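Number of protein chains: 4
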Amino acid sequence: MIIVMAANVPQASVDRVVSEIERMGCKAHLSRGTFRTVIGAIGEEGAIDQHRLTTLDGVEKVVPIMTPYKLASREFHEEDSVVQIGGRSTPRQLVGGKHALSIAGPCTIENREMLWRIARHVKEGGATVLRGGAFKPRTSPYSFQGLGEQALQWLRECGDELGMPICTEVMDTRQVELVNQYTDMFQIGARNMQNFDLLREVGKTDKPVLLKRGLAATVKDWLLSAEYVLSQGNRAVILCERGIKTFEDSIRFTMDITSIPVARKLSHLPIIVDPSHAAGRRDYVGALACAGMAAGAHGTMIEVHYCPAEAQCDGPQALLPETFASLMTQLRLIAKLYGREFPN
Amino acid sequence: MIIVMAANVPQASVDRVVSEIERMGCKAHLSRGTFRTVIGAIGEEGAIDQHRLTTLDGVEKVVPIMTPYKLASREFHEEDSVVQIGGRSTPRQLVGGKHALSIAGPCTIENREMLWRIARHVKEGGATVLRGGAFKPRTSPYSFQGLGEQALQWLRECGDELGMPICTEVMDTRQVELVNQYTDMFQIGARNMQNFDLLREVGKTDKPVLLKRGLAATVKDWLLSAEYVLSQGNRAVILCERGIKTFEDSIRFTMDITSIPVARKLSHLPIIVDPSHAAGRRDYVGALACAGMAAGAHGTMIEVHYCPAEAQCDGPQALLPETFASLMTQLRLIAKLYGREFPN
Amino acid sequence: MIIVMAANVPQASVDRVVSEIERMGCKAHLSRGTFRTVIGAIGEEGAIDQHRLTTLDGVEKVVPIMTPYKLASREFHEEDSVVQIGGRSTPRQLVGGKHALSIAGPCTIENREMLWRIARHVKEGGATVLRGGAFKPRTSPYSFQGLGEQALQWLRECGDELGMPICTEVMDTRQVELVNQYTDMFQIGARNMQNFDLLREVGKTDKPVLLKRGLAATVKDWLLSAEYVLSQGNRAVILCERGIKTFEDSIRFTMDITSIPVARKLSHLPIIVDPSHAAGRRDYVGALACAGMAAGAHGTMIEVHYCPAEAQCDGPQALLPETFASLMTQLRLIAKLYGREFPN
Amino acid sequence: MIIVMAANVPQASVDRVVSEIERMGCKAHLSRGTFRTVIGAIGEEGAIDQHRLTTLDGVEKVVPIMTPYKLASREFHEEDSVVQIGGRSTPRQLVGGKHALSIAGPCTIENREMLWRIARHVKEGGATVLRGGAFKPRTSPYSFQGLGEQALQWLRECGDELGMPICTEVMDTRQVELVNQYTDMFQIGARNMQNFDLLREVGKTDKPVLLKRGLAATVKDWLLSAEYVLSQGNRAVILCERGIKTFEDSIRFTMDITSIPVARKLSHLPIIVDPSHAAGRRDYVGALACAGMAAGAHGTMIEVHYCPAEAQCDGPQALLPETFASLMTQLRLIAKLYGREFPN
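Protein chains in written order, with my numbering: chain A, 1 to 344; chain B, 1 to 344; chain C, 1 to 344; chain D, 1 to 344.
In case anyone wonders, no lab produced these hints; they're calculated from the structure.
The model shown is predicted, which means the values in this text are computed figures rather than measured ones.
Watch out, some of these pointers could steer you wrong.
Intra- or inter-copy, both count: the list cannot distinguish identical chains.
[To be verified] Once the Cα atoms are required to be at most 25 Å apart in a straight line, the calculated DSS-like pairs of lysine-lysine come out as:
| no. | residue 1 | residue 2 |
| --- | --- | --- |
| 1 | K70 | K136 |
| 2 | K98 | K336 |
| 3 | K27 | K61 |
| 4 | K136 | K336 |
| 5 | K136 | K204 |
| 6 | K98 | K61 |
| 7 | K220 | K61 |
| 8 | K27 | K98 |
| 9 | K265 | K98 |
Bound conformation, chain A alone (with noise of 0.2 Å):
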């Protein structure tokens, strides 16, 4: 920690920020430049109150040296982490390092018919883990939440049909029981990244945990997030960059493309990207992962839905079977040059 005094503070300031930094148990070491002290505190930063140094009389700013997360950090853990998926009643899936992953799915399970056959077809595409929403965080409370326990059992049962490994959102610390009763991989949505409570709950069991990037977090707060989680003794986190929220108007998220470089520079955690929440359209969701994948990311979360002849495709962000599946393919070639490799 490094503590830069205002110019021209009084010799009894300085004395006061030594003290104070000695009683939290850390040595203080002086430079005294042409017109400012600058005092560092060495020792064990953890062990130092940085709030309580700033409000010190004659404190300009306080500079943090060590990152404050260490569970998280690629310090602590140099190589990549390799999450395993599933490994119950499918087979596992794995993702870091050198292992991509696909999951896709509805965004919403709507009903048993309709999530089997989009199961099939994302499985057909290439995807090896299946998602779908059985609770859904609206932001109007008159749209549809979701069908709860009913859509989780269906999740299970054709996950366990098809083979591939389930995913699907918990929103409430109430629900986490209940979720993980089902699930294979707990998702925890943007809005939810700073809900500490059910980081704490999800970090309690023994199921690989979706961190999404909430809509104003740094990549620090992100893993902050993630911190939590591995505080508690779980040690499967995948980050997942979704988008921030910024001034552009033509999208509904900017995707921050180089959290990927920076998120893999400062952790060892696995990270995908979501194109289809970031985009908010189809015709970006494409681009949007191709350029995930070519930035440095582990895989891909992506919305499908088949357009039956009686109705129209439900969500303006889903991609048709078809277009899922050739963009897999165009995913698959990226990844390869980065020696990377979607199982298939």
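We have chain A already, so just place chains B, C and D on it with the hints.
Here is chains B, C and D on its own, set in the frame of chain A:
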């Protein structure tokens, strides 16, 4: 709902949109322009599935006409709402319309003695509702997370003794019942503004809800979150502006002062400002509090902490009791210019 | 300047940084922590090439200690600057410290009669500097671009007749000489805040410069742009907050009220607010103007337009003369609470 | 243009809007819904003054239907434009459609020897257009501002000798004539994207214009700036995405990858990416360049600098020549997946 068709689409696409609108129970009204056809869907807008229309062939964009929230809307309730806080074991306090509200207290309840001391200070300074954190949302799992029920007990006792209704944050659906036994008002933090299950739970209680704006939430998103509470039957929602996330890095959050006249135009709900969390440092708290009142807010929530001889003040954003008292004097004068009054 | 080395770097990397710092004429001061070494570069910070240090092997980050602007800094000039406008063919007006300023007038000068009429209205309402656009920055090349020199002549005549100094925007280095023949104050628009050649040209004149904040500029960027003007010898710069670009879409720009106390802390320059361009619609202009003054601004710039019987008012953001006059009454009362005064 | 009236407005307000629309030479088309009336203005949208309609009594909002740019729009020009660079004293290079472009070189031209050396490196690495700064926009007035005409002369000689067209930034209308004597392509920097006089001046030349996106510009704003150039008769505009300003602080700017498919959908103009300025540090440049090509860009502009034995590399964002060369190999492979080719 207005549906704008792309340039030069075939008549079949137009017909398709018309028949979908009619299937949803509405009437379609065509405007054929020089280049494009625009279709108005006339009827109950809630009946129309905007997403479905968006995905139809040839549709360029769909523009909703009506606000997606009803109970929060000023169209629904023309007069300013006045919300009552307390009135059971303490005198009641009002906020909204002519009634200005001052909530103050420590960020976190650290111990009994400190709470009483700060509470007496803020009461003298002019606050009429006492705040204090028992459960704390912390971005790092390694930071202090609050004292829980013990802190709630102290807060209740302290409020009763001093005759101040109390307000405290609830973070998890599982805590609602417990917190409800103690508090006079629930606070929903910015990071939980779209924790929809939590909104529903506090919406089932009969206590007012202080709803902070999310860091990436538009005013419309915020009012939709208020709608979640209101739609459960609880009509006592108070909005609280506490800053949004922007690129400006000299402060923690950018207090969006414009949200005050915007929310007041769109909604009848009272709105207050929290300059402490927006600024993140005490030297800007006064300016932001005054700006909030001058923009038309119905009050403030401010963190206060004393500064004992033996220790530095905690919390870089907490005001000293004497600073708080003189700020309240200024705020009373500003409120008066708007025909609004803080009690005594 | 503080240089933080990565964890576990070899001694050679540290030595290399030290020798570079010494080569730049500064002294290096080492702090060896448990995990990292931190190096302070002591001496004239301007002498240090931060970018070069950033690229050296083993350097994790470089933290500047001193502000990169000098003439704009409050460290350089402790008291509030008071800037004088006019005083040649019109009475002079002051802004800064105790002196509040009200600039008002039409957005664009459309014709002579309209200018005179609005000018009389704003003078009666309490404005002391007259604004009006002769060269207009328009996002579309197909929009009206202003009347140029003809408009400048009218503005000069009108200001002289009514005894009001005038202010008008300059957009291009080639216009500076022409505009300088007419105006009492140059306005630099938000989109030109980093048009460095233009800043230098107005910095060579002896007229005050009203510098609007750029849509994506931090307060630090803004003060650096002020430094461009100041460094040419022109010490009469007035900052003008007019909103930044954020995700909020209910208004055009988000007026960043916090920039007022921040800029006043960092700099001695006067700062005013332009609520008209921030809001983009007249019903929010009053709330933003009041909030700006309550946050500590030294004045306002507001667009006004009358509403003749035969036509609708132009400009969705222009106030009617009578609304402007009653807003000025409110602003005077707020200014008084801060010991600041608008002239008569 | 669609005009949405507020709920329950009197018939007189509707009549007034209708008569205004007719006065502007268009036809009005009414849709009366259950709660509101919506009016379509049918005719040439350019004829309608949207601002005036917005200010009429009872108007809630005005929704434009047509794009405000014409020459930049894909509706105007369905096929991808192919722009030619050079072809006078150097071989010509193409960009757009199937033609990918690689621009590379130093950030700033510091001296003759360094320019030749880097130019040879980038040519070997696969670049076909040489960039280099003669006039530099610097946020601080105390930073190096470029060598001006001397640098232009060297750049011209170097390009001619190596057979590479050259590209350099122009910052001021007064420089256009001078720069035009030397360069094959003008670069307009992000901070000048809305310097409308400058856009007009380069629009009067017959050289292609590389138009960087502004830090706070939407894709629509960007295309309107392109329209300024195009409307002067110069149809050779190349868009360049270089990152927007967001809250994320681990990098300088957030490269908005989605702008590539969005701009390509809306416009026929070629679009390239500048990962060097977006990232601000070399370790992320490769990932962003690849992501850009995978999202559908027509090329890249990358800063390169060698690292002589006796000195450290300048510029934290410049790639080493060997890194650039191997990145080009990767970019060729990605381009090929999209049927696009870099010349060799």
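Now for the hints, and whether the structure bears them out:
Taking the shortest alpha-carbon separations for K70 and K136, only the inter-copy value of 21 Å comes in at or below 25 Å, while the best intra-copy value is 32 Å. For the identical chains of this complex, K98 and K336 are neighbours both inside a copy (10 Å) and across copies (23 Å), given an alpha-carbon limit of 25 Å. Proximity of K27 and K61 under a CA criterion of 25 Å is satisfied in both settings, with 18 Å inside one chain copy and 22 Å between copies. Neither within a single protomer nor between protomers do K136 and K336 lie at most 25 Å apart by alpha-carbon distance, with minima of 35 Å and 40 Å respectively.
With identical chains, the CA atoms of K136 and K204 are at most 25 Å apart both within one copy (23 Å) and between copies (20 Å). Taking identical chains as interchangeable, the C-alpha atoms of K98 and K61 are never at most 25 Å apart, the minima being 42 Å within one chain and 30 Å between chains. For a Cα distance limit of 25 Å, the shortest separation of K220 from K61 qualifies both inside one copy, at 19 Å, and across copies, at 16 Å. In this assembly of identical chains, K27 and K98 lie within 25 Å of each other by CA distance neither inside one copy nor across copies; the values are 43 Å within and 47 Å between.
Taking the shortest Cα distances, K265 and K98 sit within 25 Å of each other inside one copy (16 Å), while across copies they are farther apart (34 Å).
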